[in-house]
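Participant: Here is what each chain is made of, one letter per residue.
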Amino acid sequence: MAFLVSHPDEVKVVARRFGQGATSIERYLELDGYKAVQKALKMEPDAIVNEVKNSGLRGRGGAGFNTGMKWSFVPKQSPKPKYVLCNGDESEPGTCKDRLIFEHDPHSVIEGVMIAALAVGSHTGYIYIRGEYRYLSVIMQKALGDAYAKGFLGKKIFGGEYDLDIFWHGGAGAYEVGEESALMESLEGKRGIPRIRPPFPAVVGLWGGPTVINNAETLASVPHILLSGAEWYANLGTPKNGGTRLFCLSGHLERPGVYELPMGYNLKKMIYEVGGGIPKGRSLKAVVPGGSSTPALKPEEIDIAMDFDSVAKAGSMLGSGGVVVLDDTTCMVKFALRTMKFYQHESCGWCIPCREGTDWLKKTLTRFHQGAGLKKDIDNIQYLSENMLGRTFCPLGDAAAMPTIAFVKKWRKEFEDHLEGRPCPYENRGAVEQLPVLSH
Amino acid sequence: MKFSDEFEQRFQEMLTHYPTKRSVLVPTLLYAQDEAGFLSDEVISEVAGRLGLTELDVRNVISYYSMLTTKPRGRYNLQVCTNIACMLKGGEEILDHCSRRLGIGHKGTTSDGMFTLEEVECIGACSWAPAVQVNYDFYENLTIEQMDKVLDEYKKKETQ
Numbered sequence: 001m002a003f004l005v006s007h008p009d010e011v012k013v014v015a016r017r018f019g020q021g022a023t024s025i026e027r028y029l030e031l032d033g034y035k036a037v038q039k040a041l042k043m044e045p046d047a048i049v050n051e052v053k054n055s056g057l058r059g060r061g062g063a064g065f066n067t068g069m070k071w072s073f074v075p076k077q078s079p080k081p082k083y084v085l086c087n088g089d090e091s092e093p094g095t096c097k098d099r100l101i102f103e104h105d106p107h108s109v110i111e112g113v114m115i116a117a118l119a120v121g122s123h124t125g126y127i128y129i130r131g132e133y134r135y136l137s138v139i140m141q142k143a144l145g146d147a148y149a150k151g152f153l154g155k156k157i158f159g160g161e162y163d164l165d166i167f168w169h170g171g172a173g174a175y176e177v178g179e180e181s182a183l184m185e186s187l188e189g190k191r192g193i194p195r196i197r198p199p200f201p202a203v204v205g206l207w208g209g210p211t212v213i214n215n216a217e218t219l220a221s222v223p224h225i226l227l228s229g230a231e232w233y234a235n236l237g238t239p240k241n242g243g244t245r246l247f248c249l250s251g252h253l254e255r256p257g258v259y260e261l262p263m264g265y266n267l268k269k270m271i272y273e274v275g276g277g278i279p280k281g282r283s284l285k286a287v288v289p290g291g292s293s294t295p296a297l298k299p300e301e302i303d304i305a306m307d308f309d310s311v312a313k314a315g316s317m318l319g320s321g322g323v324v325v326l327d328d329t330t331c332m333v334k335f336a337l338r339t340m341k342f343y344q345h346e347s348c349g350w351c352i353p354c355r356e357g358t359d360w361l362k363k364t365l366t367r368f369h370q371g372a373g374l375k376k377d378i379d380n381i382q383y384l385s386e387n388m389l390g391r392t393f394c395p396l397g398d399a400a401a402m403p404t405i406a407f408v409k410k411w412r413k414e415f416e417d418h419l420e421g422r423p424c425p426y427e428n429r430g431a432v433e434q435l436p437v438l439s440h
Numbered sequence: 441m442k443f444s445d446e447f448e449q450r451f452q453e454m455l456t457h458y459p460t461k462r463s464v465l466v467p468t469l470l471y472a473q474d475e476a477g478f479l480s481d482e483v484i485s486e487v488a489g490r491l492g493l494t495e496l497d498v499r500n501v502i503s504y505y506s507m508l509t510t511k512p513r514g515r516y517n518l519q520v521c522t523n524i525a526c527m528l529k530g531g532e533e534i535l536d537h538c539s540r541r542l543g544i545g546h547k548g549t550t551s552d553g554m555f556t557l558e559e560v561e562c563i564g565a566c567s568w569a570p571a572v573q574v575n576y577d578f579y580e581n582l583t584i585e586q587m588d589k590v591l592d593e594y595k596k597k598e599t600q
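Chains Z and V supply the protein sequences, listed in that same order.
The first sequence begins at 1 in the working numbering and counts up by one.
The second sequence begins at 441 in the working numbering and counts up by one.
Just chain Z, with the same shape it has in the complex (with noise of 0.2 angstroms):
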């Protein structure tokens, strides 16, 4: 079970219902649970989606696409049947927000596909949640047969005319299945290996039929928006920016965890105060602002607005709120490296740039972290890095290329402190206390 933190700077709209006992639905319904959706049965398709577009909400999974606008691209004729996807297979390096969702108000994400299903037309939901969360797939479970229980999914829901059926979907493990198209085939019970686009999910998807496809958080922030309204929402952030969000405060830092903060939230307020700052009266050496994909910053860059188009401006993105902390003891050839192996490790070798790049760079990053490197390596990894960028179908490959361009450019003297077989002058010291005296 996570633990959970709060601070006084927080707005909670999606945590609003954490530690509350939520996963029961009796609890969710005192909550204001399965209201919206009530509210939802009574509005035109067009009105929901309306809504949602005007709420400034967008893709809580990294890509940051206004929700309401990709409801939008759901064709209202369809001979095929059009579905909901809710993506729950969250795992991308430093985000651990949907397992907080899942855990403690699953109804909330139901909830959010029911509303999706109703503004695009669709009668069939299914949420996906990574393999490795199976004690979530268990809540899920309980709550999706709670809400039939109760008669508000399977065959006219709410005592109406519709009929909608919501079921989850387990995975087995695999970073890349978090991308759309991946996600679908992996449904499909196949390799997760990543569809051409166009055409489009929301033309083409699960089974040839339109579909939509949402992270959990997004889905989960939609119930709110219909109760309390798109103005309210978006009032919360900053322009074209909805909402809240949950950012995942990781790495070194004094009070590490989930916390729910406006959209636009200063990134050095949140890493020195809601986060409690670096301990051991260390200094920041870097920080990836949004999950292990997103270009990593220097302390000297962090005084931006946390929204999808300032962290853009700063040359970052804002990614899947995922903030990884790295203090003045860290190595930035060995966590360029550690970034790496992990794309390396779940490049899928569909497209030849990804697969071949991957390692490629994997190799060359720990030749030079053992002190092996050869100048002309620094430039080669960034040459790598460059052609890889937009040559793959899923984003994997910029996944990949992104941050790695940012560690070579912004601390181009560590990779030249590592050339000429000298020992890593980082190495482990942030850990060194923490090495155990062994004894069996």
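Misleading hints may appear alongside valid ones.
Claimed, not checked - Listed below are the simulated DSBU-like cross-link pairs for lysine-lysine, each with C-alpha atoms no more than 30 angstroms apart in a straight line:
1) Z:190 x V:461
2) V:597 x Z:142
3) V:511 x Z:341
4) V:547 x V:589
5) Z:334 x Z:269
6) Z:142 x V:442
7) Z:376 x Z:363
8) Z:268 x Z:341
9) Z:334 x Z:298
10) Z:190 x V:547
11) Z:76 x V:461
12) V:547 x V:511
13) Z:190 x V:442
14) Z:42 x Z:80
15) Z:39 x Z:155
16) Z:80 x Z:150
17) Z:341 x V:547
18) Z:155 x Z:76
19) V:547 x V:595
20) V:461 x Z:80
21) Z:341 x Z:376
22) V:547 x Z:334
23) V:589 x Z:280
24) Z:363 x Z:298
25) V:547 x Z:363
26) Z:35 x Z:150
27) Z:142 x V:461
28) V:461 x Z:156
29) Z:53 x Z:313
30) V:511 x Z:363
31) V:461 x Z:155
32) Z:413 x Z:376
33) Z:155 x Z:35
34) Z:150 x V:461
35) V:511 x Z:190
In case anyone wonders, no lab produced these hints; they're calculated from the structure.
The model shown is predicted, which means the values in this text are computed figures rather than measured ones.
Once you have looked at the hints, place chain V on chain Z.
Facilitator: Below, chain V without anything else, positioned relative to chain Z:
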């Protein structure tokens, strides 16, 4: 090939959730693995037969997903995360410690068949790092001492 009643019930129910049989493949394999320990030739052939797929189709899918394995494993699969957030908080030291204490490396199994050690990618516990998963159970905010306690608990459980 005999699975538990719970498995059969779940399998039948899952088939009603999708327009194609094949969609139940990934979760079915994982549940089968939970019962059989690993995906043996027999399990693969059984699942392929039930879903009207070739064994090659099934193997092709198995090789993609990191949680699925065709090799026997220990009763407790100790998965140590060393991805970025865990690495910063000592995940590698935890892995190292487990490796030395159990005398096995990555994907190795102890001779008594109790533990398999695996270095895994992000398990979604970044804010509570370092973290490990033993089968499906999470252990978070670990120190070396706490890791030892976790291992001792499993050992105790086994001798009881």
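Participant: For every hint, state whether the structure bears it out.
Facilitator: Results for each hint:
1. Between residue 190 of chain Z and residue 461 of chain V the alpha-carbon distance is near 12 angstroms, which keeps this suggested pair within the 30 angstroms criterion.
2. For the suggested pair residue 597 of chain V and residue 142 of chain Z, the alpha carbons sit about 28 angstroms apart, so the restraint of at most 30 angstroms is met.
3. Between residue 511 of chain V and residue 341 of chain Z the alpha-carbon distance is near 23 angstroms, which keeps this suggested pair within the 30 angstroms criterion.
4. For a cut-off of 30 angstroms, the pair hint linking residue 547 of chain V to residue 589 of chain V stands: about 21 angstroms separates their Cα positions.
5. In summary, the hint linking residue 334 of chain Z to residue 269 of chain Z is supported, as the alpha carbons are separated by about 27 angstroms, within the 30 angstroms threshold.
6. Restraint check for residue 142 of chain Z and residue 442 of chain V: satisfied, since their Cα atoms lie roughly 27 angstroms apart, inside the 30 angstroms limit.
7. Restraint check for residue 376 of chain Z and residue 363 of chain Z: satisfied, since their Cα atoms lie roughly 15 angstroms apart, inside the 30 angstroms limit.
8. For a cut-off of 30 angstroms, the pair hint linking residue 268 of chain Z to residue 341 of chain Z stands: about 29 angstroms separates their Cα positions.
9. A threshold of 30 angstroms between alpha carbons decides the hint, and for residue 334 of chain Z with residue 298 of chain Z the separation of about 17 angstroms falls inside it, so the pair holds.
10. As the CA atoms of residue 190 of chain Z and residue 547 of chain V are separated by approximately 25 angstroms, the hinted pair is consistent with the 30 angstroms bound.
11. Restraint check for residue 76 of chain Z and residue 461 of chain V: the C-alpha separation of about 28 angstroms stays at or below 30 angstroms, so the hint holds.
12. Between the alpha carbons of residue 547 of chain V and residue 511 of chain V the distance comes to roughly 10 angstroms, so the proposed pair stays at or under 30 angstroms and holds.
13. Simply put, residue 190 of chain Z and residue 442 of chain V have alpha-carbon atoms about 25 angstroms apart, close enough for the 30 angstroms limit, and the pair holds.
14. Annotation: proposed proximity of residue 42 of chain Z to residue 80 of chain Z holds, straight-line Cα distance about 25 angstroms (limit 30 angstroms).
15. Our distance criterion of 30 angstroms between C-alpha atoms is met by residue 39 of chain Z and residue 155 of chain Z, whose separation comes to about 18 angstroms.
16. Under the criterion of a C-alpha separation no larger than 30 angstroms, the hint pairing residue 80 of chain Z with residue 150 of chain Z is consistent with the structure, at around 29 angstroms.
17. Pair hint residue 341 of chain Z plus residue 547 of chain V holds up; C-alpha atoms about 17 angstroms apart against a cutoff of 30 angstroms.
18. Between residue 155 of chain Z and residue 76 of chain Z the CA atoms are separated by roughly 21 angstroms; this keeps the pair inside 30 angstroms, and the hint holds.
19. For the hint pairing residue 547 of chain V with residue 595 of chain V, the CA-to-CA distance comes to about 19 angstroms; that is within 30 angstroms, so the pair holds.
20. Taking the CA atoms of residue 461 of chain V and residue 80 of chain Z, the gap is near 18 angstroms; set against the 30 angstroms cutoff, the hint holds.
21. Taken as a hint, the residue 341 of chain Z and residue 376 of chain Z pair is honoured in the structure, with Cα atoms around 21 angstroms apart against an allowance of 30 angstroms.
22. At most 30 angstroms may separate the alpha-carbon atoms for a hinted pair to count; residue 547 of chain V and residue 334 of chain Z meet this at roughly 23 angstroms.
23. With a C-alpha separation of about 26 angstroms, the suggested pairing of residue 589 of chain V with residue 280 of chain Z holds against the 30 angstroms cut-off.
24. A hinted pair counts as satisfied when its Cα atoms are at most 30 angstroms apart, and residue 363 of chain Z with residue 298 of chain Z qualifies at roughly 26 angstroms.
25. Our distance criterion of 30 angstroms between C-alpha atoms is met by residue 547 of chain V and residue 363 of chain Z, whose separation comes to about 21 angstroms.
26. Taking the CA atoms of residue 35 of chain Z and residue 150 of chain Z, the gap is near 14 angstroms; set against the 30 angstroms cutoff, the hint holds.
27. Among the hinted pairs, residue 142 of chain Z with residue 461 of chain V is consistent with the structure: their alpha-carbon atoms are about 24 angstroms apart, no more than 30 angstroms.
28. For the hint linking residue 461 of chain V to residue 156 of chain Z, the alpha-carbon distance of about 26 angstroms falls within 30 angstroms, and the restraint holds.
29. A distance of roughly 23 angstroms separates the Cα atoms of residue 53 of chain Z and residue 313 of chain Z; the hinted pair therefore holds under the 30 angstroms criterion.
30. At roughly 27 angstroms between alpha-carbon atoms, residue 511 of chain V and residue 363 of chain Z fall within 30 angstroms of each other, so this suggested pair holds.
31. Distance hint between residue 461 of chain V and residue 155 of chain Z is fulfilled; the C-alpha atoms sit about 23 angstroms from each other, no more than 30 angstroms.
32. Restraint check for residue 413 of chain Z and residue 376 of chain Z: the C-alpha separation of about 14 angstroms stays at or below 30 angstroms, so the hint holds.
33. Proposed proximity of residue 155 of chain Z and residue 35 of chain Z is supported: the alpha carbons are some 19 angstroms apart, at most 30 angstroms.
34. Of the supplied pair hints, the one linking residue 150 of chain Z and residue 461 of chain V holds, its CA atoms being roughly 28 angstroms apart against a limit of 30 angstroms.
35. For the proposed pair residue 511 of chain V and residue 190 of chain Z, the alpha carbon gap of about 21 angstroms is at most 30 angstroms, so the pair holds.
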